[in-house]
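S.K.: Numbering of the sequence shown is given in our numbering, commencing with residue 1 and proceeding in unit increments.
Honestly, I wouldn't trust all of these hints.
What the hints assert, rightly or not - Simulated DEER-style distance windows between Cβ atoms:
id, residue 1, residue 2, range
1, PRO387, PRO350, 21 to 31 Å
2, ASP496, ARG273, 47 to 57 Å
3, ASN351, THR215, 30 to 40 Å
The set of hints was computed from the structure by calculation and includes no laboratory data. Even for Gly, the Cβ is constructed at its ideal location relative to N, Cα and C.
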Amino acid sequence: MSSISAQGVVERASAELTKRINGLGLRASKHHGGGKTSVMERVTNVFCGGGGGTNTNLQTSNVNVTPDKPSRGGPIPGGTPASGNIKGLNNGTTNRGRTLRNRAKNVPLASGGTGGHATPATWEQLIQDDHFLGHFFLYFTAGERRVLAQVCSRWRDVLYARPRLWAGLVPVVRCREARVMASSSRTRLYASLVRRGFHSLVLLGAADEDALELTHSFPLAQRHVHSLSLRCCAVTDRGLEAMLDHLQALFELELAGCNEITEAGLWACLTPRIVSLSLSDCINVADEAVGAVAQLLPSLYEFSLQAYHVTDAALGYFSPKQSGSLSILRLQSCWELTNHGVVNIVHSLPNLTVLSLSGCSKVTDDGVELIAENLPRLRSLDLSWCPRITDASLECIACDLNHLEELTLDRCVNVTDIGVGYISTMGSLSALFLRWCLQLRDFGLQHLCSMRSLQVLSVAGCPLLTSSGLSSLIQLRHLHELELTNCPGTSRELFDYLREHLPHCLIIE
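Using the sequences and the hints given, assemble the complete structure.
M.R.: Structure representation (structure tokens):
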């Protein structure tokens with residue numbers, strides 16, 4: 001997420017509030033003399049603390065902007081949000097107060113304006129009204145609400161009391177920063193996660209002491225945390241065991257860059273309630289770790305593994321008993337895997353719906369043929385960075401994988417227009433990624449133009465495509481997203497042409 005300016009979000013709140021209360025009928029030219037401020041200026045004064053004719057002042061000292069969220073996580077809920085005090089507003093004349101009271105009925109309220117709710121009669125009451133704010137905050141993104149929660153304690157409380165307003169964010173705790181916080185501040189931080197309805201948690205840079213602190217400062221995590229991610233952590237087997245023992249409601253676990261975790265630790269820590277597991281860049285994870293996963297997680301639904309030294313033997317640990325539950329398997333940059341490993345996959349896990357072999361560079365056409373013939377339920381297949389894949393693989397995919405909806409062939413440098421022609425016959429395919437397929441030409445694009453179900457297409461980095469070939473993509477009327485980055489054949493005129501003829505499609509330059 002791009003950096004969010006606190007002042008920018010507050011100014012947008014000011015503008016949005018102005019739009020929502022136009023029904024109040026407050027027009028400077030009608031109710032006030034020429035020297036009075038406009039509605040926009042008044043709301044800006046209320047939200048931003050500027051001068052302009054009102055006595056309302058928003059104290060925003062010590063407001064800390066929440067850091068940006070990382071690529072997969074969310075923002076750190078910043079400890080104790082700063083609070084501000086909204087002072088009384090001078091109501092002016094009796095007529096003005098009467099106008100406010102009469103017109104405020106037009107303000108849209110979350111409750112619909114019925115029941116025993118007292119209609120706000122002043123600006124001060126309006127911007128602190130629970131019903132109005134609950135409706136008003138819907139006009140902002142979850143990321144912007146992070147900043148709005150720091151405007152004042154009232155806004156914070158209204159936002160924290162509505163978990164749906166935080167949907168889409170995942171809190172990230174940077175443990176090095178959390179260590180220097182007072183114990184009471186950490187306790188309030190974790191309590192705020194429960195108030196906002198978060199069930200996922202990311203710990204960045206954690207050590208064993210942070211794992212133990214979590215169990216002490218966040219007792220509610222025992223039943224509230226369902227998903228835990230440890231990234232770039234020095235947590236050892238002991239710390240991981242302490243956390244997993246504490247988090248009794250946990251069913252999703254990610255370990256990324258945790259080099260102190262060993263295979264023996266996984267054998268000791270993994271609990272049968274885990275249904276989703278991701279292991280990446282953990283130097284001690286190898287074949288035995290896969291054995292622990294296969295033996296200890298009978299209900300595993302999704303397994304992602306990125307480990308450079310995992311071999312075909314690891315996949316031999318899977319057996320048909322996992323076939324009833326395991327549906328998603330991602331083996332990324334497992335350089336030592338060969339077609340023998342693929343044999344183990346298709347025999348043990350015939351019900352897979354998602355399979356990624358991205359970066360498994362030793363897999364060849366024979367391996368893909370095994371996949372196509374034995375995994376008929378596949379909906380998504382990722383063969384990116386598999387340089388030994390040729391058009392023969394695509395012929396097998398087109399003939400046998402009749403339910404495939406998403407296919408990724410990035411950096412498959414031996415794929416040509418002939419293979420794309422095979423793919424174009426797949427009526428169920430809705431997403432196709434052909435980034436940096438160096439042999440793809442305009443003739444291949446002509447094949448794609450017949451695919452009526454295609455909604456997402458990427459030909460980024462394909463050097464042989466011309467403006468003429470790319471312009472033919474306007475025939476894909478159902479396209480929602482088209483990625484053309486790093487295509488030498490593009491131009492400003494081409495982008496304008498595509499946007500004119502595909503008005504509902506996102507063109508990524």
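S.K.: Each hint should be assessed against the structure and marked as holding or not.
M.R.: The hints, checked one at a time:
For PRO387 and PRO350, the Cβ-Cβ distance of about 27 Å falls inside the hinted range of 21 to 31 Å, so the restraint holds. One distance hint, 47 to 57 Å for the beta-carbon pair ASP496 and ARG273, holds here, with the actual separation near 54 Å. Checked against the given bound of 30 to 40 Å, the beta carbons of ASN351 and THR215, roughly 37 Å apart, stay inside it.
Every hint, counting from the list given before, is met by this structure.
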